[in-house]
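*Asks:* These protein sequences, in sequence, are chains Y and D. Reading the first sequence from the start, the letters are residues 1 to 294 in the working numbering. Reading the second sequence from the start, the letters are residues 1001 to 1112 in the working numbering.
To be clear, the hints were calculated from the coordinates, so they are not data collected in a lab. This structure is a prediction, so every number in the text was calculated from the model and none was measured. From the three backbone atoms N, C-alpha and C, an ideal C-beta is built for every residue, glycine too. Nothing false has been slipped in among the hints.
Computed Cβ-Cβ distance ranges for the label pairs, DEER-style:
#1 D:1099 x Y:141: 40 to 48 Å
#2 D:1034 x Y:206: 41 to 49 Å
#3 Y:282 x D:1031: 49 to 57 Å
Taking lysine-lysine pairs in the PhoX-like style, the calculated list, with each CA pair at most 20 Å apart, reads:
#4 D:1110 x Y:216
#5 D:1110 x Y:214
#6 Y:162 x D:1008
#7 Y:2 x D:1008
#8 D:1008 x Y:158
#9 D:1082 x Y:216
#10 D:1087 x Y:216
#11 Y:158 x Y:28
#12 Y:206 x Y:237
#13 Y:244 x D:1110
#14 Y:158 x Y:2
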Amino acid sequence: MKEIVVISGKGGTGKTSITASFAFLSGKDMVAADCDVDAADMHLLMKPDFAHSEPFYSGVIAEIDKETCIHCGKCAEVCRFDAISIINGEYYADPISCEGCGYCSRICPPKAITMQEQNVGDWYRSSTKAGNTMIHARLGIGAENSGKLVAKVKNEAKAEAKQEGKELVLVDGSPGIGCPVVSSLSGADLVVLVTEPTLSGLHDIKRVYELVHKFKIPAACIINKADVNPEITEQIKDFLEQEKIEHIADFPYDENFTRSMTMGQTIVEYEDAGDLKDKLQASWLKVQELVATS
Amino acid sequence: MKIAFTAKGTAWESAVDPRFGRTDYILVFDEESGEMSSVDNRDIADTAHGAGPQTAKKLFDLNPDVLITGNGPGGNAEAVLKKAALKMYAGAGAMTVKEAYEAYKNGELKEF
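Produce the entire structure from the sequences given, and follow the hints as far as they go.
*Replies:* See the structure below:
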């Protein structure tokens, strides 16, 4: 089984639009996973049915038992996040401010503070309109993505692919270069970098590529909106050549990207997408060739 | 030499876990005694953040001479492991522990 992970470093480059198009083109041949859980949006294009859902627990926060509390105030003294306040004469740990470090729980003389595991959201196993299975998640308000959640989504996707006898898992990766991205990349056979010719686009592809390179995962790149700034597009191409990253394609700036999105369609489904459809199809073929030899 | 592996199970036939921080098990093979021991790491795999440095800490306590893994540790774990007198080899993510050991013996794994 092979695993393709699509990442961008920078947001707004068209990563999810392209991933969803690949997922649509591939149809039943693969299992899709949305690991961009902070701002999950692949479901808007893939129309999953949310058929199976399970709660997801991650991280802990302090909870003070009023009966046991002796009002000594030691917890509030040591809290570095100012999460403990007195409300109506009772000590209270604010779940939004609490970072779950556990310092208060450790020093509390009567052991009145326990660290409670948090239900931060749900994960889903769905069937999509493309006929494939998609593993995705939805976080509650204020909850953050984590390496743990990404690992969960990926492991479920791999288990599903194994069960269905599918040879491919396509992952919409997490943004940035931190814990969730490390987790997104672990075990990948091919990374597709989607970038754009802006200063931050170039900066962030370089930054995230350091991690890809360290993990020794073969990489390929699509430069989206390549005609917006030809000068930086050239700089990106130089970078790709220097690092021996396969340059899959340049896509022009095209408002059909947004038009199809507002219709809730992937670009390859959208009637008026014209050339862009062919480019995406050709790119997907290229990606499949690359992963076959990775 | 004591050789540590990140693994999905506790046997020689188990698959190497490509993940470092969230590996299910750490196996340690002592070449001198010929003994294989294992440490369950699933409690760390279950933490939301900082899995890499915590697994690195565990590895520190086990004190192996060599680590064999899949992709290799991420940046934070790497910073910790650099302080240990430990040789790290990556690229064994698609092998069994046995295959990875043989590949290491034959000099086929890349030093991380």
